[in-house]
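Asker: Here are the chains, one letter per residue:
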Amino acid sequence: MKALLFLLPAGILVLLILLFWRGLYLNPSQVPSPLIGKPLPQFSLPGVGGTPASLTSADFEGHVSILNVWATWCIPCRDEQPELVKLAQQKVVTIYGLNYKDDADSAVQWLQSRGNPYAKDGYDPKGKVALNFGVYGVPETFVVDSHGIIRHKYIGPLTASVISTQLIPLVHELEQVSK
Amino acid sequence: MIPELGQMALVLALCLALAQSFFGLVGAQRGSGAWMAAVRPAAVGQFLFTGLAFLLLVSCLLRSDFSVLYVAQNSNTELPWIYKIAAAWGAHEGSLLLWSTVLALWTVVVALFSRSLPQQFISRVLGVMGIISIGFLLFMLTTSDPFTRLLPAAQQGADLNPILQDPAMAGHPPMLYMGYVGLSVAFAFAVAALIGGKMDSTWARWARPWTIVAWLFLTLGITLGSWWSYYELGWGGWWFWDPVENASFMPWLVATALIHSLTVTEKRGMFKSWTALLAISAFSLSLLGTFLVRSGVLISVHAFATDPRRGIFVLALIAVVVGGSLALYAWRAPKLVSEDGFSALSRETFLLLNNLFLVVAAAAILLGTLYPLVLDALNLGKISVGPPYFNSIFMPLMLPLLILVGIGPYLFWKHDTLKRLLSQFKITVWIVAAVSILILVMLWGRAGIVTVLGVIIAGWLLISTAMGVVLRWRRRQKVTRGIWGMTLAHLGVGILALGIAVTSSFSVAEDTTLAPGQSTMVHGYRFAFDGTHNVRGPNYQAIEADISITRNGELITVLHPQKRIYDGASSSATEADLDPGLFRDLYVAMGDPLGNGAWSMRLQYKPLVRFLWFGGVLMALGGILAVSDRRRFATVIVSKSADAQQAVAKG
Amino acid sequence: MRYIALLMLLVTIPALAVDSEPALPNAALQQRYELLTHQFRCLVCQNETIAESGAGLAADLRAQVRQQLIAGKSNEQIKQYMVARYGDFVLFKPPWQPNTWLLWGGPLLLLCIGAFVVINVVRRKTQLVRTSPGEVNGDDLKP
Numbered sequence: 002m003k004a005l006l007f008l009l010p011a012g013i014l015v016l017l018i019l020l021f022w023r024g025l026y027l028n029p030s031q032v033p034s035p036l037i038g039k040p041l042p043q044f045s046l047p048g049v050g051g052t053p054a055s056l057t058s059a060d061f062e063g064h065v066s067i068l069n070v071w072a073t074w075c076i077p078c079r080d081e082q083p084e085l086v087k088l089a090q091q092k093v094v095t096i097y098g099l100n101y102k103d104d105a106d107s108a109v110q111w112l113q114s115r116g117n118p119y120a121k122d123g124y125d126p127k128g129k130v131a132l133n134f135g136v137y138g139v140p141e142t143f144v145v146d147s148h149g150i151i152r153h154k155y156i157g158p159l160t161a162s163v164i165s166t167q168l169i170p171l172v173h174e175l176e177q178v179s180k
Numbered sequence: 008m009i010p011e012l013g014q015m016a017l018v019l020a021l022c023l024a025l026a027q028s029f030f031g032l033v034g035a036q037r038g039s040g041a042w043m044a045a046v047r048p049a050a051v052g053q054f055l056f057t058g059l060a061f062l063l064l065v066s067c068l069l070r071s072d073f074s075v076l077y078v079a080q081n082s083n084t085e086l087p088w089i090y091k092i093a094a095a096w097g098a099h100e101g102s103l104l105l106w107s108t109v110l111a112l113w114t115v116v117v118a119l120f121s122r123s124l125p126q127q128f129i130s131r132v133l134g135v136m137g138i139i140s141i142g143f144l145l146f147m148l149t150t151s152d153p154f155t156r157l158l159p160a161a162q163q164g165a166d167l168n169p170i171l172q173d174p175a176m177a178g179h180p181p182m183l184y185m186g187y188v189g190l191s192v193a194f195a196f197a198v199a200a201l202i203g204g205k206m207d208s209t210w211a212r213w214a215r216p217w218t219i220v221a222w223l224f225l226t227l228g229i230t231l232g233s234w235w236s237y238y239e240l241g242w243g244g245w246w247f248w249d250p251v252e253n254a255s256f257m258p259w260l261v262a263t264a265l266i267h268s269l270t271v272t273e274k275r276g277m278f279k280s281w282t283a284l285l286a287i288s289a290f291s292l293s294l295l296g297t298f299l300v301r302s303g304v305l306i307s308v309h310a311f312a313t314d315p316r317r318g319i320f321v322l323a324l325i326a327v328v329v330g331g332s333l334a335l336y337a338w339r340a341p342k343l344v345s346e347d348g349f350s351a352l353s354r355e356t357f358l359l360l361n362n363l364f365l366v367v368a369a370a371a372i373l374l375g376t377l378y379p380l381v382l383d384a385l386n387l388g389k390i391s392v393g394p395p396y397f398n399s400i401f402m403p404l405m406l407p408l409l410i411l412v413g414i415g416p417y418l419f420w421k422h423d424t425l426k427r428l429l430s431q432f433k434i435t436v437w438i439v440a441a442v443s444i445l446i447l448v449m450l451w452g453r454a455g456i457v458t459v460l461g462v463i464i465a466g467w468l469l470i471s472t473a474m475g476v477v478l479r480w481r482r483r484q485k486v487t488r489g490i491w492g493m494t495l496a497h498l499g500v501g502i503l504a505l506g507i508a509v510t511s512s513f514s515v516a517e518d519t520t521l522a523p524g525q526s527t528m529v530h531g532y533r534f535a536f537d538g539t540h541n542v543r544g545p546n547y548q549a550i551e552a553d554i555s556i557t558r559n560g561e562l563i564t565v566l567h568p569q570k571r572i573y574d575g576a577s578s579s580a581t582e583a584d585l586d587p588g589l590f591r592d593l594y595v596a597m598g599d600p601l602g603n604g605a606w607s608m609r610l611q612y613k614p615l616v617r618f619l620w621f622g623g624v625l626m627a628l629g630g631i632l633a634v635s636d637r638r639r640f641a642t643v644i645v646s647k648s649a650d651a652q653q654a655v656a657k658g
Numbered sequence: 008m009r010y011i012a013l014l015m016l017l018v019t020i021p022a023l024a025v026d027s028e029p030a031l032p033n034a035a036l037q038q039r040y041e042l043l044t045h046q047f048r049c050l051v052c053q054n055e056t057i058a059e060s061g062a063g064l065a066a067d068l069r070a071q072v073r074q075q076l077i078a079g080k081s082n083e084q085i086k087q088y089m090v091a092r093y094g095d096f097v098l099f100k101p102p103w104q105p106n107t108w109l110l111w112g113g114p115l116l117l118l119c120i121g122a123f124v125v126i127n128v129v130r131r132k133t134q135l136v137r138t139s140p141g142e143v144n145g146d147d148l149k150p
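Line by line, the protein sequences give chains G, E and Y. Just so we're on the same page, the numbering used here is the position in the first sequence counted from 1, plus 1. Just so we're on the same page, the numbering used here is the position in the second sequence counted from 1, plus 7. Just so we're on the same page, the numbering used here is the position in the third sequence counted from 1, plus 7.
Bound conformation, chain G alone (with noise of 0.2 Å):
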């Protein structure tokens, strides 16, 4: 029994390195959202010039759809843009995007000179949207289900590996349950 506590130290050694080894692989700093599972937050917002005007949270019923939060200012959101582009001209899922704390010259400049992959685009410069939908940082990404509940959200800038894997496979998932 004595041994025993003496191996305690030791056992606790144990199971702190498989924590920490567990945790070498989590983000510590990425904010889960609260709102996977929960219908999308109602909204109505102007459109960005160049798409179609306005964007509600009506436009999310009946079909799955990607609604993507970006800036002209956010240097991550270049890298994901080419991607985004692609991926809307694939024609798999219908692309919205939200357009957060921005100018809007820069933002219509910004979509003419490098493609816009968004089927609309909503114009939110105080962020007041962005805030329901628990954005903390651009770019982040959620997929929206045909009812309007929110499936997914991914923090950070897409890439060709993260659509192929994450996104595509869940909204083909997402369209075979509403059938």
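If you are wondering where the hints come from, they were derived from the structure by calculation, not from laboratory data. Note that the structure is predicted; figures quoted are calculated from it, not measured. Glycine included, each C-beta is placed from N, C-alpha and C at the ideal position. Careful: at least some of the hints might be erroneous.
[What the hints assert, rightly or not] Short, incomplete list of chain G residues facing chain E, as computed with Cβ under 7 Å:
hint : residue
1    : Pro10
2    : Leu14
3    : Ile18
4    : Leu20
5    : Phe21
6    : Gly24
7    : Pro29
8    : Ser30
9    : Pro33
10   : Ile37
11   : Val163
12   : Val178
Since the structure of chain G is provided, determine the placement of chains E and Y on it from the hints.
Answerer: Leaving out everything else, chains E and Y in the frame of chain G:
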């Protein structure tokens, strides 16, 4: 050429560390005098080559050799030369080299100042320290080489983070490392004793000075860090319970417990296995700190840029070093039992209680620091643990301890009676009662019960500690340096506690908007905004405000907070200004310009905030005095032969 | 990776958040405002509260708190608002719920275990006290 020389020096240092460990541990096991004799030279050699590598890195920085990647990433020709040197420990690779250099320094000091210790024992100690050196040198050579080349060389380097260009900030890591790494000595002593199967009062008497020196460096390092963040970060805070701050505080708490536990082992030959465990834990927490800063496992402002590979290496190092020593502990420690005893009312009991509170506090801080990670790893949610948690669990643990610290030094070893103990406090009790009434009168209605309690207990500690010396004088007893050391250290704790209690509750902060010519009152001081002007610094542009502070019409000072834009940066940095005082600080920081020359500002009155760092410095001074007690050293040398015989007899 | 670098850059050059907004209409609301803004973690500068952080998001959240206070919401409602959007992570003080029972109860538990150990050790040692004279220095108060 020079960077390659640096790499070679590191490789040679690694070879010598291997020799040091091999000859130290195997030599001691075989009892081979010749092999054991090789350990000291190996240690000296390792120090020379590690030190050389460090100097070579500093040379690359001073010469702005941007063909070295580390220099290009962390330095700049515009950087003042002092901060070029500080860049040596400003980022991951360089700080590892500093770690190794400091470790080699401690090793060589232990090697040179241990002539009076048995050869077998000291060989093992140096051998264990050699293993740690091997770990860090390997870490550098495999994943984090500071001398990696950048080809083609950059024209100009990146800038060091501007808020790190500060003397206190530059000095804080070396001081902390002296502490962290210094705890490896106590660790090595414990492991060496466990290997030899022998641990007695003599061992404790040898180990204690080394532990105190490491502890006092750690105290100074933490104090420096707190002071720096206070004047630099702009909102007058001095402790944030940031994971990396906690990573320096936990070893400090355990090291404090260790010093006190070593006292019992030294005086009475008891608590041996517990002391060994504390020694192992203190250094393990240092290694944990190293892991946390470099692995990205926790959120912290202090974190170096992270890479899971580095994390894996440090984790492996921890598994080997700490795992190995704890396995050894589980095997050998059960044999370290003492048959001696003590009464319920005795100094031993109080030191045991001291350990209880310090260790539980350290464990609680560890729990809070790692808890978010635990939940995340087990997929049980994502929470964050911040200052409200740590404050609410730490303070209740410290208050009882502070009460005990005022009593402990008065107690006899082994056995004491309540009657005799109380007789020591005849005068003290009256003084404390008078002071407490004064405190109650001053603070009644102005502060919460916790603050009042905190101030009274701090007062108790200060009075009781001071009276300890006074009573000795009255009894014509000698007050040795050792006792002065303890007294000063405990006074330091009291002053620290008083500072914390008062500044936490009575600081006044006002966020306000002032236009030039306007003023506002904060706690009896009138802060008047006289306007701004532009200034140009060595590597920044700034808007500087003039704030004159008066009290009852008399001018106290004029403060000059700034809003700086460093060359090459796009955002501004706040440079607060403060008027330091023994009993209060006045603190001003600028917010944002609001048009028409008006600015938002934060004006603060902070009473007794200097006591925090004054307390820390006093503790460190106490440590220095305690270690310099020559009588103690003389005893070590003189009784070496007597103890050696005794140790052999005890087996 | 660059996103993280950018985040780190934001975190390492802290800008002081001094509230540029005018004070709330009445002192009670202002006090609640101070209290609440010190309870929510800034998600950009994650080791600061929204009261202290200079990040844009922090300013937005402070504005939200202000708006809701003026609209007459209770402290609890405002807390719920934040948690609904950002999760428990946004609370600076961990909430008391099943997955934090160990966190809040842990220190007390540790103290009790420690106290139990100490009592047992003292009990054992008092039984071992040998009354051999000369082993104790009566006046030896040396540390």
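Asker: All the hints need checking, so say for each whether the structure fits it.
Answerer: Now for the hints, and whether the structure bears them out:
Residue-level restraint check for Pro10 of chain G holds (minimum Cβ-Cβ distance to chain E is 5 Å; threshold 7 Å). At its closest, the beta carbon of Leu14 of chain G sits 6 Å from a beta carbon of chain E; the interface hint therefore holds under the 7 Å criterion. Proximity of Ile18 of chain G to chain E holds as hinted, the smallest CB-CB distance being about 6 Å (cut-off 7 Å). The closest approach between the C-beta of Leu20 of chain G and any C-beta of chain E is roughly 6 Å, which is under the 7 Å cut-off, so the hint is satisfied.
Against a cut-off of 7 Å between C-beta atoms, the interface hint on Phe21 of chain G holds, since the closest Cβ of chain E lies about 6 Å away. The closest approach between the C-beta of Gly24 of chain G and any C-beta of chain E is roughly 4 Å, which is under the 7 Å cut-off, so the hint is satisfied. Taking 7 Å as the C-beta cut-off, the interface hint given for Pro29 of chain G holds, the closest approach to chain E being about 5 Å. Restraint check, Ser30 of chain G versus chain E: the minimum CB separation of about 5 Å is within 7 Å; hint holds.
A hinted interface residue such as Pro33 of chain G counts as satisfied when its beta carbon comes closer than 7 Å to some beta carbon of chain E; here the least separation is about 5 Å, so the hint holds. A cut of 7 Å between beta carbons decides the hint on Ile37 of chain G: the least distance to chain E is about 12 Å, and the hint is violated. Hint status for Val163 of chain G relative to chain E: violated, with the closest Cβ pair at about 18 Å, above 7 Å. The restraint placing Val178 of chain G at the interface with chain E is violated, with a minimum CB-CB distance near 24 Å, outside the 7 Å limit.
In this structure, the hints that do not hold are numbers 10, 11, 12, in rising order.
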